[in-house]
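Using the sequences and the accompanying hints, generate a full structural model.
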Amino acid sequence: MCLAIPAKVTELSGDDMAVVALEGVKKKISTALVEDLEVGDYVLVHVGYALHKVSPEEAARTLKMMAEAGVLQEELEEITGGAQ
Amino acid sequence: MKYVAEYRDKDLAKSVASAIQREAKPGRTYNIMEFCGGHTHAIFRYGVQNLMPENVHFVHGPGCPVCVLPVRRLDDAVEIAERHNVILCTYGDMMRVPGTKQRSLIRAKADGADIRMVYSTLDALKIARDNPEREVVFFAIGFETTTPPTAVAIKQAEEEGLKNFSVFCNHVLTPSAIGHILQSPEVRELGTVQIDGFLGPSHVSSVIGFEPYEYFAEEFQKPVVIAGFEPLDVMQSTLMLIRQINEGRHEVENEYTRVVTREGNLKAQALVSDIFELRTSFEWRGLGPVPYSALQIRENYADFDAERRFEVSPKQSREVKSCECPAILRGVKKPTDCKLFGTVCTPDNPMGSCMVSSEGACAAYWTYGRYRDKTARQQKEAAA
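Line by line, the protein sequences are chains A and B. If you're matching positions, the first sequence starts at 0 in numbering that gives the first Met the number 0 and goes up one per residue. If you're matching positions, the second sequence starts at 0 in numbering that gives the first Met the number 0 and goes up one per residue.
Since the hints were made in silico from the structure, they are not lab data. Keep in mind the model is a prediction, meaning the values are calculated, not measured. Just so you know, nobody snuck in bad clues.
Derived DMTMM-like pairs (lysine to aspartate or glutamate); straight-line CA-CA distance at most 20 angstroms:
(1) B:Lys266 with A:Glu37
(2) A:Lys26 with B:Asp122
(3) B:Lys108 with B:Glu78
(4) A:Lys27 with B:Asp122
(5) B:Lys9 with A:Glu57
(6) B:Lys9 with A:Glu67
Dropping the structure here:
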């Protein structure tokens with residue numbers, strides 16, 4: 000729960016919601032905490048909310064580290080497996 | 000992608016390690032407390048301690064929100080679920096934490112209580128919308144990263160006129176806990192641990208900025224370095240701390256400039272202060288009552304406060320006897336100092352909160368650390 004996972008914004012809707020793509024998974028998240036988001040931006044996603052923007056390099060680096068540390072799969076399962 | 004290679008670079012790691020070897024003065028000890036569960040995980044996973052000279056130690060602090068929640072609050076959540084017939088929603092990490100008499104949310108669920116694991120407060124709101132005839136309570140825990148999503152949920156519930164949604168708020172604040180570790184008489188009773196500097200939490204700081212640590216560094220005269228999660232981040236930040244300690248400085252430095260700024264996420268901070276206010280005191284597992292270290296829902300949003308909506312009866316909450324989580328969370332003891340560790344207490348059958356969450360010191364030690372200690376012991380024996 001403590002970790003935040005980087006994801007790319009693929010769709011924005013007007014109600015402070017966005018669709019992000021991460022490792023082949025699509026997820027609807029809230030963007031209520033971040034300003035000036037555009038499609039194509041990377042954000043750190045934490046418990047279903049974008050916390051802030053990150054650069055594509057930072058996103059790639061974090062994802063790689065999470066994969067190496069064996070926590071990426073766990074996080075993805077949490078994201079997709081929670082109550083919908 | 001070139002940055003990925005840079006941060007993975009073994010030569011770079013070696014060069015930071017040798018700078019630490021060179022600059023850590025042999026005549027003194029450097030005790031560095033990491034406050035964030037993510038750092039604890041990185042230190043164990045990548046064997047960062049092995050790259051340090053013998054006089055540089057990492058002390059694992061209370062950086063996991065599941066671990067620091069006192070049993071009493073968990074017992075209260077179980078009671079709200081069982082006695083008031085609500086739908087209680089919470090993050091997965093809370094489900095297996097043992098309360099009094101080993102009673103956890105998952106056991107209460109097995110006994111018939113309607114307890115649901117959610118990934119997000121958005122899911123809890125949806126459950127409330129879908130079940131207008133039932134009361135839905137979100138059991139909220141977490142540090143400054145998890146608080147803004149709870150604030151948004153309360154705001155949204157108000158805007159939608161959701162009358163059956165409330166929050167059992169257990170959000171806690173990191174700077175006050177760090178301060179408490181340094182000054183509380185209770186900590187001294189458990190044994191002293193000298194702390195020379197702090198690795199500051201990274202994602203927490205991305206929300207609150209690093210400004211709140213400036214007062215703290217000045218007041219307690221301890222250096223703080225905001226550190227990223229990479230093993231190299233942790234090593235670089237440790238080097239920065241060693242330099243400050245050697246030079247007698249006590250400032251806040253930011254190693255994680257890629258993400259953290261001095262002021263943090265102002266939009267998130269504004270939302271949090273609109274919905275929440277400081278509690279005068281809140282109990283932390285391991286630290287006892289800590290003044291102004293947690294948040295409660297403001298009067299304006301009292302309708303969404305589960306503590307006002309549901310009564311809980313006073314009870315005798317008890318930790319498992321012999322569980323050393325409190326001392327481990329203060330950095331006074333190591334997981335292996337606990338006689339339950341690895342015997343009756345394992346991640347499959349946790350006796351205390353530090354073994355439940357993967358960011359807890361006991362779980363990290365169980366997964367990685369015990370092999371390291373064993374190898375070090377074998378190497379020493381072979382050399383002798």
